[in-house]
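S.K.: Sequence order for the protein chains is A and B.
Going from the first sequence to my numbering is simple: count from 1 and add 17.
Going from the second sequence to my numbering is simple: count from 1 and add 17.
Since the hints were made in silico from the structure, they are not lab data.
Among these hints, one or two may not hold up.
Since the list gives no way to pick out one identical chain from another, each pair is judged satisfied if it fits inside one copy or across any two copies.
[Unchecked claim] Below are the DSBU-like pairs computed for lysine-lysine, each with C-alpha atoms no more than 30 Å apart in a straight line:
(1) K310 <-> K60
(2) K313 <-> K147
(3) K199 <-> K313
(4) K85 <-> K317
(5) K68 <-> K317
(6) K310 <-> K85
(7) K85 <-> K328
(8) K328 <-> K68
(9) K147 <-> K310
(10) K313 <-> K140
(11) K85 <-> K303
(12) K199 <-> K328
(13) K60 <-> K85
(14) K85 <-> K313
(15) K191 <-> K140
(16) K328 <-> K60
(17) K60 <-> K317
2 protein chains.
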Amino acid sequence: MTIKYELIKKSTETNARLGKITTPHGEIDTPIFMPVGTRATVKTMTPEEVKDLGAQIILSNTYHLYLKPGHELIEEAGGLHRFMNWNGPILTDSGGFQVFSLGDLRKIREEGVEFRSHIDGSKHFISPEKAIEIQNALGSDIMMCFDECVSYPADYEYTKQSMERTTRWAQRCKDHHKDWDKQGLFGIVQGGMYRDLREQSVQDLLAMDFSGYAIGGLSVGEPMETMCEVLDYTTPLLPEDKPRYLMGVGTPDYLFEAVIRGVDMADCVLPTRIARNGTAMTTQGKIVIRNAKYSKDFSKLDPDCDCYTCKNYSRAYIRHLFNVDEILALRLTTIHNLRFLIRTMENIREAIKNDNLLEYKDEFYKNYGYSED
Amino acid sequence: MTIKYELIKKSTETNARLGKITTPHGEIDTPIFMPVGTRATVKTMTPEEVKDLGAQIILSNTYHLYLKPGHELIEEAGGLHRFMNWNGPILTDSGGFQVFSLGDLRKIREEGVEFRSHIDGSKHFISPEKAIEIQNALGSDIMMCFDECVSYPADYEYTKQSMERTTRWAQRCKDHHKDWDKQGLFGIVQGGMYRDLREQSVQDLLAMDFSGYAIGGLSVGEPMETMCEVLDYTTPLLPEDKPRYLMGVGTPDYLFEAVIRGVDMADCVLPTRIARNGTAMTTQGKIVIRNAKYSKDFSKLDPDCDCYTCKNYSRAYIRHLFNVDEILALRLTTIHNLRFLIRTMENIREAIKNDNLLEYKDEFYKNYGYSED
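For reference, chain A alone in the conformation it holds in the complex (with noise of 0.2 Å):
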């Protein structure tokens, strides 16, 4: 197999855990959240500036890159890593939850999805086999198998058919997956919040005995609480050996409490996302820079960062290049909000290294807490 996870250390007082990922092109250490770089490139960033926020591994998008320029194209270029110049680990996604959520007239049959294009409404159609041919054309260090993820909130019978037809694509994408020195394959538990679905779930996944195990069909809207609870219930009967992805949580309250369950890895495009539209998370809570009140406001963005942005500008300039529709104020909050989450996982693996992690949840929290706009 060619991802490997190695246990560092157990948390003594919560279920998180440190550790360490070894990919074909590096290692990682988690927990730890990975930016999205969903068509080829981190929004706005080259990757050298990924880089040096401390990212180890960056997201990219299967979807995406199928539709444009398309992964023959990529495969041409020498493959996803060279084609953007990270050569650092990459994870694709599957294509599925994009199918499901961007594909118009999506049809779902036993052997896979047809939908249309939302860029230009051309007809496609994703298998299993369809979804491992575009990743291993990719040439990503992890893939992820083809899946369902149901919309919040669905009925039992609806999210157990979709749960097994997930599983036996699972099957499929695992058949058709020659190169395992190559790249990984991640299983995906599904089984919305139902606690026999989700046991039924990652049963059958680890009987097919996957490079690693995503938890999806979470952070689609439900209370934190039911995430809490799936995640109380899921994550202790996967793989102590195997690392465990968490799809699509991006905030640190959700990464608190994700990692405090025995998380190791996360990502979500809403650091970079809402960074684009003005507003950057600090330690102090989250600010909407755009706002009058930062007009003379010469200090930084977040008295406790480290980042180039904090390093060197005032909000006052940050405000006056959004309000002029200038780029450099997207690149600076990107850079920003990354850093900010980077530097609180590096901070969440210190506090699991010092077996103080409620400790640290608290004191972040406390400063946190305040000053929300």
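On the provided structure of chain A, position chain B as indicated by the hints.
M.R.: Just chain B, lined up with the frame of chain A:
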């Protein structure tokens, strides 16, 4: 005087000259191309990136900064250098060009110009004194006198009146500027395409003794031969111990012709603007990178380029980024175009040193001439 020009070498075959300008924020090798940072940012770039291109001075814009965020705010921030995190020399234009080209419903009086903001229609009045006041607040190294740049074509009578008013305004600018140790001030030669008016303008401005002299009112739509003719009879009238700045020139051919006629400094938004529209300047001519023919072209933008973009990315990747509206596309092409012009000017300086500028020009044109899209 805070601005000093040192003549290093004169070309024997042309009027080109190699020199060095000293400013409060450092030295500038001339002839030089100055990237434009209209709104306190060179569009898409950080100051460090601009410096890495070899840029030694940038230009910023009085009219735009006066409207947003306001010159008082920038003064409060510690001046433009500190506000935008650029510690090299800055030249600010006087706002004249934008008042006339962007301001709505402008009324020109002897006192100054009344106009409405192109952003929100608010009413403003800029006089020569006000233009200096704004530039004093910005703290640029080189300020420009408030002038009127007449459009092309313009009749003799209007051009004469306008030039004479610009001269009277120059005197008022000079009288209003106090701290000559901190900031230099350039006079702007006007007079359209009329030789006697240009001569009159030069004569009157020289009597006032500015830090340097700009040639305005060119590159406004006239044929290249007309510009060359005006430079042919204007530049020799300017003093040898002061820098000469041709405003608004930024294509390689115009830069060659200007330098050959004794110009030391030039600026233009063109390289950055066409970059954002997907056009790259290369040693083999311009290429429109959005074109389908580059979709599988894995070569670099320019085979002879040493920029970050050409070192790391293919045409196919940059085309993909444009195709999916990614900001990195604008960044990579901007970096390339600016580096292209800056490197061309480096080569021009080297050629003046070796006294083979005309030979270098022929060689440059031979390559640049073909393969325009």
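S.K.: Next, verify each hint and record whether it holds.
M.R.: A quick look at each hint next to the structure:
1. K310 <-> K60: both (28 Å within a copy, 25 Å between copies)
2. K313 <-> K147: between (54 Å within a copy, 22 Å between copies)
3. K199 <-> K313: between (53 Å within a copy, 25 Å between copies)
4. K85 <-> K317: between (38 Å within a copy, 20 Å between copies)
5. K68 <-> K317: both (22 Å within a copy, 23 Å between copies)
6. K310 <-> K85: between (41 Å within a copy, 15 Å between copies)
7. K85 <-> K328: This pair counts as between: shortest inter-copy Cα distance 24 Å, intra-copy 37 Å.
8. K328 <-> K68: Both ways: K328 and K68 sit 17 Å apart in one copy and 18 Å across, limit 30 Å.
9. K147 <-> K310: Between copies only: 27 Å across, 51 Å inside.
10. K313 <-> K140: between (52 Å within a copy, 23 Å between copies)
11. K85 <-> K303: Between copies, since 25 Å is at most 30 Å while 34 Å is not.
12. K199 <-> K328: For K199 and K328, the Cα distance is within 30 Å only across copies (27 Å; inside one copy 40 Å).
13. K60 <-> K85: Both ways: K60 and K85 sit 16 Å apart in one copy and 27 Å across, limit 30 Å.
14. K85 <-> K313: Classified as between; 13 Å across copies, 43 Å inside a copy.
15. K191 <-> K140: within (26 Å within a copy, 68 Å between copies)
16. K328 <-> K60: both (21 Å within a copy, 20 Å between copies)
17. K60 <-> K317: both (22 Å within a copy, 22 Å between copies)
Checked against the numbered hints given earlier, this structure breaks none of them.
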